[in-house]
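Just so you know, the sequences run in chain order E and L. When we follow the working numbering, the leftmost residue of the first sequence carries the number 1, and every step to the right adds one. When we follow the working numbering, the leftmost residue of the second sequence carries the number 219, and every step to the right adds one.
Don't take each hint at face value.
[As the list claims (entries may be wrong)] Short, incomplete list of chain E residues facing chain L, as computed with Cβ under 7 angstroms:
id : residue
1  : F47
2  : L63
3  : C88
4  : W91
5  : F118
6  : S128
7  : G181
8  : I191
9  : N194
Simulated from the structure, these hints should not be mistaken for lab results. Each residue gets a CB set at the ideal place from its N, CA and C atoms; glycine is no exception.
Spelled out, the chains give:
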Amino acid sequence: MTHKTYPRGTVRALVETDFVTPATRAVLKSRLVPDDAPPLAVSKPRFFDAEAFDILRAACARLIPQADRPRPVDLAGALDERLAEGKCDGWRYSQMPPDGEAHRLGLRGLNESAQAMFDLAFHVLDASNQDEVLLAVQRNEAPGRTWKTIPAGRFFEELLAELTECFYSDPLTLEEIGYVGFADAHGWNAIGLNELEAHEPRAVEDTADGGARDIGRR
Amino acid sequence: MEERETSDEDELRRSAAISLQDQSRGMRFYSTSEAVDAVVIGTGAGGAPLMARLAAAGLSVVALEAGKHWSPARDFATDERAQAKLFWNDERLSAGDDPLPFGNNNSGTGVGGSTLHYTAYVPRPQPDDLRLYTEFGVGADWPLRYGDLEPYYDELEHFLGVSGPSIYPWGPPRRTCYPLAPLPLNGAAQLMERACAALGIRTSPAANAALSTRYFQPGVGWRAACTNRGFCQAGCSTGAKASMDVTFVPLAIRAGAEVRAESFVTRLETDREKRVTGVVYVRNGREERQLCRHVFLCAGGIETPRLLLINNLANSSGQVGRNFMAHTGLQVWGQFAEDVRPYKGIPGALISEDTHRPRDTNFAGGYLLQSIGAMPITYASQLARGRGLWGAHLREHMRGYNHTAGINILGECLPSAHNYVELSDELDARGLPKPRVYFTNGENERRMNAHAEKLMREIWTTAGARDIWTYPRNAHIIGTCRMGNHSVNAVVNSEGRAFDVPNLYIADNSIFPSALSCNPALTIMALSLRTADCFIERSRRSEN
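All chains should be modelled from the sequences, with the hints used to inform the complete structure.
Structure below.
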């Protein structure tokens with residue numbers, strides 16, 4: 001199914017209105033970075049060493065590609081920070097070591113697999129070869145000694161889930177999928193199929209002349 | 219963008235939400251060095267109702283809660299990340315062939331416990347749920363009957379303000395109606411209703427403990443109607459959802475109970491006769507000890523057995539931590555041509571119990587069906603974990619978020635020797651052993667899941683879904699301190715009293731002998747009130 005896109009600017013237009021509660025506004029604004037802000041300098045890792053961080057950044061770029069985003073979400077930096085602060089989300093697979101160690105080992109394993117499959121470090125491979133390595137790791141089929149100590153598929157799942165959650169907590173990512181659930185200070189009255197309220201964004205469809213056409217229905 | 223003026227209705231909601239927070243003003247405080255009648259550990263669906271009941275009977279009650287006492291209107295954002303503070307985030311180790319996620323999946327922290335993020339689905343079990351062994355020769359019977367719980371269901375539905383249909387199509391005839399009209403059907407519910415009608419499956423608006431209109435609660439005050447925020451699983455900021463912090467907790471405080479938040483219990487101290495004499499907990503980094511005459515342990519299906527195992531208490535049966543159950547909770551998702559906007563309305567507005575005891579099946583028990591909405595981060599995370607989508611595929615699928623709707627089941631899970639909670643040798647930041655939880659779906663659960671998946675896919679295909687996919691899942695943590703009639707194979711009796719420790723009671727999902735084919739919260743509350751009433755009655759008899 002081809003999906004629609006949603007107009008830009010929805011989140012910024014809503015965030016200062018009374019459709020958003022003060023508690024929600026504070027959270028959204030803490031994550032909203034202006035599009036014209038200078039590009040983010042590569043953050044200096046606190047938890048990972050430089051090599052592991054290079055591998056992580058390369059993996060992030062394939063797992064959650066953001067080439068279309070003027071200011072990509074710093075996924076690698078967020079994971080590094082979480083691990084440096086020793087935070088956890090309430091559970092881990094018993095067969096995995098604690099989160100920090102699991103990620104260090106997993107990134108080492110990813111690199112071993114890249115070396116075994118293509119004779120190069122993971123972060124210098126081209127995109128399609130990186131994808132091949134990642135897929136092998138996801139399917140538990142990747143070569144490398146480290147995968148004898150931690151299950152490759154579980155490492156992949158943990159990494160992917162964390163990056164995904166981080167990416168979709170960014171207000172501009174939510175804008176991309178047309179989510180405005182945060183603009184709920186007055187609640188919702190139109191909740192049935194195809195029922196939209198005035199402040200819910202309508203999907204737009206690219207037309208032949210390059211313009212956008214409103215296809216939302218009331 | 220057009221801005222609306224704040225209406226009177228909004229103002230009412232705001233003031234109702236704020237006034238609920240004033241309930242802890244004027245709270246009574248008890249000295250730690252004088253024995254109180256009851257210490258309650260945990261303030262969720264297990265602890266809060268009995269706390270209110272005991273305090274109303276004139277007993278001195280102190281509740282110890284590990285988490286904070288939130289002010290929902292001020293502290294709750296409509297943001298999944300920010301609301302992770304409501305989950306039990308101390309690490310648990312998940313083992314077995316179907317290891318369970320914890321955190322946002324099933325355990326809460328804060329005054330109100332998991333009810334801070336429950337969906338407030340409150341179907342009653344059906345009477346045969348309590349007699350699974352008699353009916354099928356597997357699982358366990360409950361040591362009490364539906365009739366023992368029924369008056370509590372009646373009472374709870376009226377106290378909480380449950381919204382539901384005027385005639386509920388399943389189960390025995392009801393003595394009382396739901397006090398409020400059902401909440402409106404959202405997109406997912408309409409899709410499910412349409413398809414089920416075509417397939418001859420009966421559906422009904424679900425019973426939900428969120429208010430469809432404003433409601434006066436004796437001893438608490440007015441609570442405002444649900445505004446269809448659809449964010450029940452990450453915290454209700456309006457007080458419309460009957461979480462314990464806006465219902466039984468203020469009632470208990472008004473009756474003279476003290477709620478001590480941010481108090482993490484580590485030890486239960488006993489005398490030579492194995493009676494609990496005091497409860498040790500950590501508050502503000504310091505250890506404190508509350509002396510008491512009785513303890514009500516209501517910390518949930520993992521922390522309750524963990525605390526007993528750490529303290530080597532109440533386990534002569536060897537059953538503490540055993541019989542761990544997690545409902546079958548398979549979800550089937552699809553994307554539709556229609557605009558669904560799955561962030562609006564209570565997530566599970568429509569229910570069917572036609573599958574309570576489906577014919578021509580090869581499994582014991584049954585399940586119910588519910589329509590489900592989705593919060594974006596949770597849904598994306600499930601796509602990553604359950605379907606393994608990444609890269610451009612993930613982002614492309616997520617662009618269809620507004621057209622996404624789901625159905626899930628909630629079904630029986632049999633107790634089994636291979637599913638249990640134990641203490642690991644890994645210590646947490648407090649120096650206490652982390653719990654390790656083993657879970658593997660058995661043959662019965664696998665058969666039920668297969669039956670349900672086929673049916674749900676058929677429903678979604680009929681509704682016009684494309685890109686249908688299944689997310690394997692189990693929900694709720696049940697049954698690690700089972701109740702029964704004999705001390706040899708149960709931890710507590712039918713009143714929740716520990717066989718080994720005469721002044722220790724347990725009231726939470728850990729005492730369920732079987733999982734029930736419905737959501738557990740209403741039954742946890744019913745057991746909690748019943749345990750309190752039995753206790754009060756027993757105390758009165760011994761005084762006379």
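Using the nearest Cβ pair, does E:F118 come within less than 7 angstroms of chain L? Violated. Min distance 19 angstroms.
Take the shortest C-beta to C-beta distance between E:C88 and chain L; is it under 7 angstroms? 5 angstroms, holds
Can you verify the interface hint for E:S128: is its Cβ closer than 7 angstroms to any Cβ in chain L? 11 angstroms, violated
Does E:I191 pass the interface hint, meaning its C-beta sits closer than 7 angstroms to a C-beta of chain L? Cβ of E:I191 sits 4 angstroms from chain L, so the hint holds.
Quick check on the hint: E:L63 CB to chain L CB, less than 7 angstroms? 5 angstroms, holds
Does E:N194 pass the interface hint, meaning its C-beta sits closer than 7 angstroms to a C-beta of chain L? 5 angstroms, holds
Would you settle whether the hint for E:W91 is holds or violated, based on the nearest Cβ-Cβ distance to chain L being less than 7 angstroms? Holds, because the Cβ-Cβ distance from E:W91 to chain L comes to roughly 4 angstroms (cut-off 7 angstroms).
Interface hint for E:G181, Cβ within 7 angstroms of any Cβ on chain L: 3 angstroms, holds
With a cut-off of 7 angstroms, does the beta carbon of E:F47 approach a beta carbon of chain L closely enough for the hint to hold? 17 angstroms, violated
Of the hints listed earlier, those the structure fails to meet are numbers 1, 5 and 6, in rising order.
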